[in-house]
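Asker: Those sequence lines, one after another, are chains A and B. So the first sequence is numbered by the working numbering: it starts at 1443 and just counts up by one. So the second sequence is numbered by the working numbering: it starts at 5 and just counts up by one.
Keep in mind that the hints are not guaranteed to be accurate.
DSS-like mimics (lysine-lysine), calculated; alpha carbons at most 27 Å apart, straight line [stated by the list, open to error]:
id : chain 1 : residue 1 : chain 2 : residue 2
1  : B       : Lys-261   : B       : Lys-205
2  : A       : Lys-1513  : A       : Lys-1478
3  : B       : Lys-215   : B       : Lys-173
4  : B       : Lys-117   : A       : Lys-1541
5  : A       : Lys-1478  : B       : Lys-111
6  : A       : Lys-1544  : B       : Lys-111
7  : B       : Lys-215   : B       : Lys-261
8  : B       : Lys-60    : A       : Lys-1541
9  : A       : Lys-1513  : B       : Lys-81
10 : A       : Lys-1544  : B       : Lys-117
11 : B       : Lys-60    : A       : Lys-1544
12 : B       : Lys-60    : B       : Lys-111
13 : A       : Lys-1541  : B       : Lys-111
14 : B       : Lys-205   : B       : Lys-173
Some chain A residues close to chain B (C-beta under 7 Å, calculated; not the full set) [claimed, not checked]:
id : residue
15 : Gly-1488
16 : Val-1501
17 : Arg-1521
18 : Glu-1525
19 : His-1531
20 : Leu-1532
21 : Ser-1536
22 : Glu-1538
23 : Ser-1539
24 : Ser-1542
25 : Ser-1543
26 : Ala-1546
27 : Asp-1548
28 : Ile-1553
29 : Gln-1557
What the hints contain is simulated information worked out from the structure, not anything from laboratory work. The C-beta atom is built at its ideal place from N, Cα and C for all residues, glycine as well.
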Amino acid sequence: MKCIQLVSAAFVGSIALLGGCASTPTGPSTELTSAKAAIDQAERAGAREYATEPLNASVQKMDEGQAATAKGDRPQARRLLEESYADAHLAQISAESAKSSKDAADVDQGIHTLQNEASRSVTP
Amino acid sequence: MKTLFHRTSAATTLAAAVSMALAACATTPRTNAMLEQARVDVAHAQANPQVAGDAKVDLTTAEQALSRGDALLKEGKSPQLVDHQAYLAERFALAAQKGADLATSQKAIADAKNRRNEVLLGAREDEAARATRLAQAKTEELALSAQQTADAQQHSRDLETALADLQGKQTDRGVVITLGDVLFATGRADLKSGSRHTLDKLVTFLQAYPKRNVQIEGFTDSVGGDDYNQVLSERRADSVRNALTGMGIAGDRIVTKGHGKSSPVADNDTATGRQQNRRVEVLILDEGAPRTATR
Chain A
1443 MKCIQLVSAA FVGSIALLGG CASTPTGPST ELTSAKAAID QAERAGAREY
1493 ATEPLNASVQ KMDEGQAATA KGDRPQARRL LEESYADAHL AQISAESAKS
1543 SKDAADVDQG IHTLQNEASR SVTP
Chain B
5 MKTLFHRTSA ATTLAAAVSM ALAACATTPR TNAMLEQARV DVAHAQANPQ
55 VAGDAKVDLT TAEQALSRGD ALLKEGKSPQ LVDHQAYLAE RFALAAQKGA
105 DLATSQKAIA DAKNRRNEVL LGAREDEAAR ATRLAQAKTE ELALSAQQTA
155 DAQQHSRDLE TALADLQGKQ TDRGVVITLG DVLFATGRAD LKSGSRHTLD
205 KLVTFLQAYP KRNVQIEGFT DSVGGDDYNQ VLSERRADSV RNALTGMGIA
255 GDRIVTKGHG KSSPVADNDT ATGRQQNRRV EVLILDEGAP RTATR
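Put together the whole structure using the sequences plus the hints.
Answerer: Below, the structure written as structure tokens:
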């Protein structure tokens, strides 16, 4: 019985030790992953061109969040990464909206041209 | 020292209590500027009827962050925590608005594409209608021209038949019908009744071809003087003319002429020859030919 306890203690200790070994400060990984993915999406949506402000804010929050992680301030890191995500999400939607609005104007213009051509070609 | 500490502590506690009481009296709730800004933005998004679908999800996220911020503020948590929720609420509220804009312009694009298709379709229909009209006009034109050709051919065939029926003789002046001397007695200009049949056919022809005019020429044999025969030939021509106008042919379609004994077609030395020379020739003039044609 005593033996088992001893082994168990050693096991727990070793786990603790392992944990100690991996003592590079770990940040909130879910938030980090989400924020990074959101920045990627925003960039793919053209945020560099169409939504510079929220994209820059997102990238800055990401940097700050990683700095907070390095300092071991997990709660602050989590908040910054959440905000980074919110910024990136806003950047993505803003970029999509801006592009779509531009497309709509282009299509509209195209139709006007088409209508003019059509009416010209019909009238002999 | 210890007492002093206690007293200070008590004073602080008291001051805090007083200030809280005052705050409560003034019913001033705790406020946070960022949270209030977020509340305005969330309210705007809530008031936007275009916020739907994905934008609605963002709005819900914003509303939840705003609630958390309110709760944290109420619990007296640090402004940093409240600001964080306010920030999230504001960003998601803005995202909801942008999402609504996106949906609106996407709908506009879809509508515009439909309109473009309509324009294209309309243009195509106009084009098709125009082509059809042209084709139809062309067909009608061809049909008309074919009909005209057929009519002309028919007319020509009918004319030939009618002329053949008159037993006319084709000459370089046109078709000539000779009303033989048997129609007139020697020295007489009035028609014998036997001429009726030939004249009936001539009248029928002239009625069917109202553009055809006739020239009636009288001839005699050599019996008698020139003047006598000239007058006689004219009277014979006039006699035929009178017969025709009497049967309904307009006088202005008929020209008469007397040739006397000057144009025999046979030998005047024999009775048979003289008989052939006593005649009236009806020349059916070509369409549009002058009615004063002479030999």
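Asker: Confirm or reject each hint.
Answerer: Comparing the hints with the structure gives:
In summary, the hint linking Lys-261/B to Lys-205/B is supported, as the alpha carbons are separated by about 22 Å, within the 27 Å threshold. At most 27 Å may separate the alpha-carbon atoms for a hinted pair to count; Lys-1513/A and Lys-1478/A meet this at roughly 20 Å. Simply put, Lys-215/B and Lys-173/B have alpha-carbon atoms about 20 Å apart, close enough for the 27 Å limit, and the pair holds. Straight-line distance between C-alpha atoms of Lys-117/B and Lys-1541/A comes to about 16 Å, which keeps the hinted pair within the 27 Å bound.
Among the hinted pairs, Lys-1478/A with Lys-111/B is inconsistent with the structure: their alpha-carbon atoms are about 30 Å apart, more than 27 Å. In summary, the hint linking Lys-1544/A to Lys-111/B is supported, as the alpha carbons are separated by about 13 Å, within the 27 Å threshold. Restraint check for Lys-215/B and Lys-261/B: the C-alpha separation of about 20 Å stays at or below 27 Å, so the hint holds. Between Lys-60/B and Lys-1541/A, the direct Cα distance comes to roughly 21 Å. Compliance with the 27 Å bound is thereby established for this hinted pair.
Distance hint between Lys-1513/A and Lys-81/B is fulfilled; the C-alpha atoms sit about 23 Å from each other, no more than 27 Å. Our distance criterion of 27 Å between C-alpha atoms is met by Lys-1544/A and Lys-117/B, whose separation comes to about 15 Å. A threshold of 27 Å between alpha carbons decides the hint, and for Lys-60/B with Lys-1544/A the separation of about 23 Å falls inside it, so the pair holds. Taken as a hint, the Lys-60/B and Lys-111/B pair is honoured in the structure, with Cα atoms around 17 Å apart against an allowance of 27 Å.
Proximity of Lys-1541/A to Lys-111/B is assessed by CA-CA distance (about 13 Å); at most 27 Å being required, the pair is judged to hold. Distance check on the hinted pair: Lys-205/B and Lys-173/B sit about 15 Å apart at the alpha-carbon level, within 27 Å; holds. Taking 7 Å as the C-beta cut-off, the interface hint given for Gly-1488/A is violated, the closest approach to chain B being about 13 Å. Interface hint status for Val-1501/A: violated, as the beta-carbon distance to the closest one in chain B is roughly 15 Å, over 7 Å.
Interface hint status for Arg-1521/A: upheld, as the beta-carbon distance to the closest one in chain B is roughly 5 Å, under 7 Å. Because the smallest distance between the Cβ of Glu-1525/A and any Cβ of chain B comes to about 6 Å, under 7 Å, the interface hint for this residue holds. Annotation: His-1531/A was flagged as interfacial toward chain B, and the flag holds, the nearest CB pair being 6 Å apart, inside 7 Å. For Leu-1532/A, the suggested interface contact is upheld, since its CB lies about 4 Å from the closest CB of chain B, less than 7 Å.
Below 7 Å, beta-carbon pairs count as interface contacts, and Ser-1536/A has one with chain B at about 5 Å; its hint therefore holds. Hint status for Glu-1538/A relative to chain B: holds, with the closest Cβ pair at about 5 Å, below 7 Å. A least Cβ separation of about 4 Å between Ser-1539/A and chain B falls short of the 7 Å threshold, and the interface hint therefore holds. Here the hint on Ser-1542/A is kept, as its CB sits about 4 Å from the closest CB of chain B, short of 7 Å.
The interface hint given for Ser-1543/A holds, since its Cβ lies 4 Å from the closest Cβ of chain B, which is under the 7 Å cut-off. With 7 Å as the threshold, the beta carbon of Ala-1546/A comes within range of chain B, its nearest partner Cβ sitting at about 4 Å, so the hint holds. The closest approach between the C-beta of Asp-1548/A and any C-beta of chain B is roughly 9 Å, which is over the 7 Å cut-off, so the hint fails. A hinted interface residue such as Ile-1553/A counts as satisfied when its beta carbon comes closer than 7 Å to some beta carbon of chain B; here the least separation is about 5 Å, so the hint holds.
Hint on Gln-1557/A holds. Least Cβ distance to chain B is approximately 5 Å, under the 7 Å limit.
In the structure shown, a violation is registered for the earlier hints numbered 5, 15, 16, 27, in ascending order.
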